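Please model the entire structure based on the sequences and the hints provided.
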Amino acid sequence: MKTSKVRRSSLLLVAALLLVLPARALAVTEILVTNDDGPLGPGLQALVTAIQEIPDTDVQVVVPSGNASGGGAGVTINATFDVAFGVPLLGGVDTAITIDSLKPADCVRWAVQELYGGVAPDYVLSGINQGQNVGAAFGSGTVGGATQGNGMGARAIALSQAITLAPPLNLGLDVADYAAGAAFARNLVATLIAGDPAVRLLERTFERGGLLNVQIPSHQPVGVKVVKAADTSDVFGPSLITYVDQGGGTWSANVNLAVIDSHGPVFASHPLNDDAGPLAQDYVVIARWLPLHVARSAIACRRCQSLLP
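Position one of the sequence shown corresponds to residue 1 (my numbering), numbered consecutively onward.
It should be emphasised that the hints constitute simulated quantities derived from the structure, not laboratory data. Since the structure is predicted, the reported quantities are computational estimates derived from the model, not experimental observations. It is possible that some hints are incorrect.
Within a straight-line C-alpha distance of at most 20 Å, the following computed SDA-like cross-link-like pairs (lysine to any residue) qualify [unchecked claim]:
#1 Lys228 - Val199
#2 Lys225 - Ser269
#3 Lys225 - Asp274
#4 Lys228 - Asp174
#5 Lys225 - Val255
#6 Lys228 - Arg204
#7 Lys225 - Leu173
This is the structure in structure tokens:
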């Protein structure tokens, strides 16, 4: 009688395990990829190809319909935009959903509502951008897409690749130029998903409500540095864009590539503990962006009461 009960209990245990194990095996990590270069940005296809190599992931691609560089984290309010499906990426290997508002943050918000049922995916990856976005790059559409994902509760990572005019010149024009950076992104995300202790510091950033801003060097990486965000007034200051009067009220805005040359004197002058200096020495640099409520504690301002009308 006892043997029969033991066997019955064993069978029930095996049946329970058979029900549980397939469910765990089928669990997937949801990853949304966006960018600010649009479907023809070469870094996008490289990133999508690499991330799809991670087992048990579901990768969705929602991007602006064209180049949205410099758009920051702005969103469309009380206006319309068009959504297109099955738009080929550069090279025609994969396709994307595109949004013609040219705002990466719109892409993230729309995807969360329409593709994920109002719940943010596990990860939002924005990039790989053509050109670095060091420091407090709030004007960057790449960072803007990641910021929106972060604000909606996803683990958000902005990925940008540096450009250089110094030999060997690399402006990131082809998918192949992004192979090393895409491989690094794949390894980073796979390691985070696995909960590897090697990236515990980065996981803590997500747990504290922050995001990661990753810069990939223009040449083969020589190492990785986790750094602070640089003071980039010398990069994004008045010399970055030259405005030229074309007449009749029309002006052109031209980017000074010499200022943002990652191997140029501006970047070389930065220290190795920020995310601009190491690029000149071909390091991958990861800056941890934390929300202000983590960086600073609240304080009472008694004198502020006198400001009330």
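**Request:** Please flag the earlier hints that this structure goes against, numbers listed from lowest up.
**Result:** Hint check: 4, 5, 7 fail, others pass.
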